[in-house]
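Asks: Protein sequences appear in the order of chains G and V.
Sequence positions in the first sequence follow my numbering and run 1 to 264.
Sequence positions in the second sequence follow my numbering and run 1 to 264.
There may be inaccurate statements among the hints.
As the list makes no split between identical chains, a pair holds if one copy fits it or if it spans any two.
[Stated by the list, open to error] Straight-line distance between alpha carbons at most 30 Å, and here's what the computed DSSO-like set of lysine-lysine pairs gives:
#1 K74 to K194
#2 K169 to K220
#3 K125 to K220
#4 K74 to K150
Rather than coming from a laboratory, the hints here were simulated on the basis of the structure.
There are 2 protein chains.
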Amino acid sequence: MKRSIEDTPIVFIGAGNLATNLAKALYRKGFRIVQVYSRTEESARTLAEEVEAEFTTHLEELNSFSRLYIVSLKDSAFEELLPSIVANKRKEALFVHTAGSIPMNIWEGRTEHYGVFYPMQTFSKQREVDFSEIPFFIEASTSEDAELLKAVAATLSERVYEADSEQRKSLHLAAVFTCNFTNHMYALAAELLKKYDLPFDVMLPLIDETARKVHQLEPKDAQTGPAIRYDANVIDNHLSMLADDPEMQKLYELISRSIHNRTN
Amino acid sequence: MKRSIEDTPIVFIGAGNLATNLAKALYRKGFRIVQVYSRTEESARTLAEEVEAEFTTHLEELNSFSRLYIVSLKDSAFEELLPSIVANKRKEALFVHTAGSIPMNIWEGRTEHYGVFYPMQTFSKQREVDFSEIPFFIEASTSEDAELLKAVAATLSERVYEADSEQRKSLHLAAVFTCNFTNHMYALAAELLKKYDLPFDVMLPLIDETARKVHQLEPKDAQTGPAIRYDANVIDNHLSMLADDPEMQKLYELISRSIHNRTN
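Produce the entire structure from the sequences given, and follow the hints as far as they go.
Replies: Next comes the structure, spelled out in structure tokens:
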């Protein structure tokens with residue numbers, strides 16, 4: 001009987017934002033998620049129920065016969081738990097992590113087949129994302145393992161690339177600026193608007209256009225506003241409006257200076 | 001003969017990013033743009049041709065008989081040119097500026113009818129924007145003037161609000177965070193990717209999802225990544241990757257700390 005890629009049994013280790021989104025997407029594509037591990041029973045059970053899997057909160061109870069183990073833990077927890085994760089598994093088992101920041105060689109000497117399966121996106125449990133446009137970056141210990149991971153990723157997305165650990169580290173750093181720091185700018189704007197009793201949703205057209213613009217223009221060519229013109233009147237005025245919040249004032253000043261230094 | 005709002009003759013003073021986008025949008029809605037002023041002939045002529053208007057580079061040649069004068073100049077130039085702008089016009093002429101940062105009372109004592117016509121968006125000449133979703137904030141010296149400005153804005157957008165100068169100043173400050181500072185985060189990511197020879201467009205799905213998320217979640221609830229978890233391993237690693245660029249390193253550090261301080 002010919003087996004399809006979706007018959008690959010998968011164990012998820014971790015049930016956080018990324019694991020939840022990825023497990024559900026793979027489940028919907030027909031993959032068999034055999035087990036979900038999480039430190040807390042609630043997280044493990046919640047995700048397991050959504051993908052019709054077993055769950056456990058004990059690493060020694062991990063299914064020993066799965067083909068693919070997808071580890072999606074906080075970077076700090078991962079190193080600590082790694083020995084228990086690989087213990088007592090089949091020789092053919094393929095272990096991957098999903099972290100942009102962790103090099104592949106963390107697996108080296110621990111198990112024979114390993115790799116990285118990094119979907120570069122921001123995941124929250126409260127929100128389902130469209131995987132078809134997410135770039136996946138794959139790295140593996142053997143070319144066969146890489147092919148398997150690419151085939152799994154290709155069921156979800158058309159944008160599947162191989163990237164080594166150095167490249168992935170750079171992508172991850174750029175993604176922190178692109179996503180986390182951008183989102184923090186939204187959060188600071190939301191704080192300001194709340195202070196002045198104005199609704200945040202009035203900003204949404206501006207947020208959307210700022211994002212759309214860089215599909216067409218390079219970010220430095222898309223820049224507008226007082227910092228790039230270095231309009232000292234406006235900048236000084238804004239700094240004085242932020243006088244009661246030294247942290248936000250400092251950020252305003254440094255980012256404005258950086259815009260002026262780098263964009264002109 | 002009943003006149004429609006589109007018969008209001010308009011003079012544009014300034015031919016920059018905002019003026020160019022606004023004049024073209026009003027022209028397309030059937031407004032008669034009678035004249036465009038700009039300090040440089042090239043800008044004045046380019047926009048004037050696109051909206052079938054006269055152009056001038058001399059403020060003393062401004063059309064004296066127009067109904068509406070829309071001033072869209074750099075904040076610093078505006079104050080200097082204001083006396084020449086209002087000189088020798090009809091008593092009924094309505095003068096507005098388009099700046100979020102300038103209070104309405106800059107007009108006070110200079111002319112009888114005045115106001116502010118602030119479309120809160122990021123405008124670049126190279127890119128046409130969809131005005132229908134742009135919020136317009138209107139302020140005027142009389143309620144009749146406010147009604148006229150609201151009627152003009154309503155031909156372009158369904159989101160027309162009255163806002164006083166204090167509210168507009170706050171919106172503008174929030175918009176600098178939302179748009180200019182966000183765009184700078186994109187620009188810093190683009191620099192990093194260029195350094196590592198990776199294409200910027202791989203970031204676009206992440207940029208789009210980061211923007212879409214805050215349609216559904218509050219920005220602080222949408223946050224992900226190493227700073228909110230305060231994953232010191234990852235943060236230290238990123239800081240050392242930025243060692244050759246102290247400005248970017250400082251920004252990384254301060255924004256990460258601010259995320260951690262404010263989002264938890």
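Asks: Which hints from the list above does the structure break, by number from lowest to highest?
Replies: none
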